[in-house]
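S.K.: Each chain, written out:
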Amino acid sequence: MSLREPESTAAALTFDDVSVARGGNLLWSEGTFEVPAGGIAAIIGSNGSGKTSLLNVVLGLIPPASGHVRVLGKSPGEVNEFIGYVPQNYASSPGDAIRVCDSVMLGLNGTRWAFGRPTREERRRVAEVLDSVGAGALAGRRLSELSGGQRQRVAIAEALAAHPKILILDEPLASLDLRNQREIVQLLDRLNKQLGVTILVVAHDLNPLLGVLSSAIYLLDGHAHFDTLDGVVEETLLSHLYGTPIEVVRTPQGELYMRST
Amino acid sequence: MTTRVMAFGYQDNWWSILTSSFMSSALAGGTIVALAAGLIGYFVVVRNTAFAAHALAHIGLPGATGAVLLGLPVALGLGVFCVGGALVIGVLGTRRSDREVATGTVLALATGFGLFFNSLATKSSSTMTNVLFGNLLAISGEQLVTFAVLLVLLAACIGFIYRPLLYTSVNVEVAEAKGLPVRLLSMIFMALLGLAVTMAVQAVGTLLLFALVVTPAATAIMLTPKPPRAMVISTVISMVSVWLGIAMSAMFNLPPSFVIVTIACSAWFVVWLLERHVRPRSTAARRMSAEFVADQAGAVGDHSHR
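As they're listed, the protein sequences go chains A and B.
By numbering that gives the first Met the number 0, the letter at position 65 of the first sequence is numbered 64, and the numbering carries on one by one without gaps.
By numbering that gives the first Met the number 0, the letter at position 201 of the second sequence is numbered 200, and the numbering carries on one by one without gaps.
Simulated from the structure, these hints should not be mistaken for laboratory data.
Just so it is clear, CB atoms sit at the ideal spot from N, CA and C, and this is done for glycine as well.
There's no promise every hint is true.
As the list claims (entries may be wrong) - In silico EDC-like cross-links for lysine to aspartate or glutamate, where the CA-CA straight-line distance does not exceed 20 Å: (1) 73(A) - 16(A); (2) 73(A) - 175(B); (3) 225(B) - 274(B); (4) 192(A) - 121(A); (5) 225(B) - 16(A); (6) 225(B) - 15(A); (7) 73(A) - 127(A); (8) 73(A) - 121(A); (9) 192(A) - 95(A).
Claimed, not checked - Chain B regions said to be covered by chain A (calculated; three or more residues, Cβ under 8 Å): (10) 225-232; (11) 264-276.
To be verified - Quick partial rundown of chain A residues pointing at chain B, CB under 8 Å, derived from the structure: (12) 82; (13) 101; (14) 111; (15) 113; (16) 117; (17) 206; (18) 210; (19) 214; (20) 241.
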């Protein structure tokens with residue numbers, strides 16, 4: 000096992016008294032929690048509360064203002080090859096010059112130096128991962144020809160190509176219609192169960208995700224907290240978090256949803 | 000006026016002109032420049048840096064006219080200013096929103112200085128014309144060697160950073176999250192662009208450079224979504240434009256730059272027309288059927304694991 004290999008028993012994220020600042024302003028502090036590996040955790044908080052900065056700390060793109068962060072038992076930035084990332088603005092990238100399979104191929108070998116023809120094994124992996132997100136038929140399309148839902152599937156395939164242990168998605172459901180939202184949520188649930196990949200998902204609307212979430216990191220009043228789903232889906236906390244009265248409804252079928260009252 | 004019009008006629012002795020030594024230098028030089036343009040042009044289009052490429056060509060102007068003032072080789076002045084300007088644009092314009100303004104400001108300043116240096120040296124007005132419009136026919140054997148060395152350097156660098164450069168070009172956020180040095184790659188790319196522009200300016204000039212670097216790459220991307228193939232097609236378009244340009248300049252005594260640019264732009268226009276009138280319908284149809292298949296596949300997948 001190489002030194003860069005993450006520790007298999009480690010938690011996905013370990014935060015020890017972490018604070019995060021942007022441009023000299025403290026966004027949040029006193030983040031002490033552990034996100035266990037294997038679940039689906041939401042990252043929630045109002046606009047400007049520091050959700051994207053949290054992701055940047057996990058990815059090692061910015062250092063925490065204080066405290067210690069471990070990702071898969073290693074320092075952030077050391078294990079980026081084991082993290083798949085689906086950014087919020089996936090649709091803003093130029094999609095005309097490249098095919099779906101090329102973009103997934105980059106997810107597999109894009110960080111390797113020197114020109115190299117894709118190997119048979121790499122081609123097989125690209126086809127396999129596209130099939131696993133239900134986008135196998137799109138392999139030869141230009142990215143610019145895809146709909147929003149298709150593009151999100153392809154972005155997930157690209158993030159999954161290199162067998163990540165953590166999959167991070169920034170607002171994956173924004174700008175999708177209800178049906179595509181439901182399908183992406185089902186896809187995440189299936190990937191989590193089949194591949195055992197830990198999923199962190201930034202979302203401003205929790206409702207579509209409530210059925211699959213196991214826990215949530217929430218940024219409230221300048222502090223970062225972590226709790227199981229049952230601990231988070233609680234009317235006082237949610238009302239405080241969203242700054243508007245929230246009612247939690249449990250249907251007779253056991254489904255959970257929340258609405259502002 | 001009449002003598003000028005008379006000058007653009009068919010020349011009986013075009014074959015002997017074309018096979019003369021200065022023409023073979025022009026062909027060799029043009030071919031090297033076309034190869035360089037094809038290599039870098041694809042990334043210029045994908046990275047949305049067409050305006051920077053255009054501006055860099057102009058930024059070379061004060062370098063060239065300044066070099067004449069100081070009695071230095073024109074190509075050296077061009078190279079220093081193009082690569083230097085590329086790095087300045089790279090530093091000032093990290094954010095996409097800043098880049099346009101940074102590029103335009105550097106461009107205006109450079110053009111002003113180019114004009115100023117030119118006014119200081121009466122001798123350099125032919126240099127000015129050569130830099131503005133290029134002169135393939137004036138390429139010397141010494142320049143050819145420099146061009147060949149620069150092309151090898153360019154190809155080696157692009158070959159080495161190919162995959163990370165492509166990744167940061169098409170999906171910068173994910174590439175950064177994967178730990179790629181996005182800023183460093185961007186600076187390396189700008190420096191390489193500066194090199195390619197230095198060569199291309201001497202072939203087609205600052206005013207027409209766009210047509211040799213950007214236009215063929217844009218044409219190629221319309222024709223194919225496969226990156227390596229697009230680079231090959233773009234290189235071929237540049238090369239054919241240069242060869243035909245030189246041949247027709249020998250036949251009809253036209254300035255080669257004019258013919259090169261006309262051919263490259265016509266290719267773009269024809270492909271653009273074809274794409275607009277042929278592709279939309281088929282694309283829409285394919286998109287519909289692809290979406291259907293994907294949705295079916297997704298639905299089947301979801302059910303089978305539930």
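S.K.: Compare the structure with each hint and give your call.
M.R.: Hints, verified against the model:
Taking the CA atoms of residue 73(A) and residue 16(A), the gap is about 17 Å. The hint holds against a cut of 20 Å. Taking the CA atoms of residue 73(A) and residue 175(B), the gap is near 19 Å; set against the 20 Å cutoff, the hint holds. With a C-alpha separation of about 16 Å, the suggested pair residue 225(B) and residue 274(B) falls inside the 20 Å cut-off, and the hint holds. Taken as a hint, the residue 192(A) and residue 121(A) pair is broken in the structure, with Cα atoms around 24 Å apart against an allowance of 20 Å.
Of the pairs offered as hints, the one joining residue 225(B) and residue 16(A) is violated, with about 48 Å between alpha carbons and a cut-off of 20 Å exceeded. For the hint pairing residue 225(B) with residue 15(A), the CA-to-CA distance comes to about 46 Å; that exceeds 20 Å, so the pair is violated. A hinted pair counts as satisfied when its Cα atoms are at most 20 Å apart, and residue 73(A) with residue 127(A) does not qualify at roughly 29 Å. Taking the CA atoms of residue 73(A) and residue 121(A), the gap is about 27 Å. The hint is violated against a cut of 20 Å.
For the proposed pair residue 192(A) and residue 95(A), the alpha carbon gap of about 34 Å is over 20 Å, so the pair is violated. Coverage of a stretch by a chain is defined here by at least three residues with a beta carbon nearer than 8 Å to that chain's beta carbons; for the stretch 225-232 of chain B and chain A the count is 3, and the condition holds. For the stretch 264-276 of chain B, the stated coverage by chain A is violated: 0 residues have a C-beta nearer than 8 Å to a C-beta of that chain, whereas at least 3 were required. For residue 82(A), the suggested interface contact is upheld, since its CB lies about 7 Å from the closest CB of chain B, less than 8 Å.
Taking 8 Å as the C-beta contact cut-off toward chain B, the hint placing residue 101(A) at the interface holds, the least distance being around 6 Å. Because the beta carbon of residue 111(A) sits about 6 Å from the nearest beta carbon in chain B, less than 8 Å, this interface hint is met. Checking residue 113(A) against chain B: minimum C-beta separation of about 5 Å stays under 8 Å; hint holds. Evaluation of the residue 117(A) hint against chain B yields a violated restraint, the C-beta minimum of about 10 Å exceeding 8 Å.
Below 8 Å, beta-carbon pairs count as interface contacts, and residue 206(A) has none with chain B, the closest being about 19 Å; its hint is therefore violated. A least Cβ separation of about 12 Å between residue 210(A) and chain B goes past the 8 Å threshold, and the interface hint is therefore violated. A hinted interface residue such as residue 214(A) counts as satisfied when its beta carbon comes closer than 8 Å to some beta carbon of chain B; here the least separation is about 22 Å, so the hint is violated. At about 27 Å, the closest approach between the beta carbon of residue 241(A) and any beta carbon in chain B exceeds 8 Å, and the interface hint on this residue is violated.
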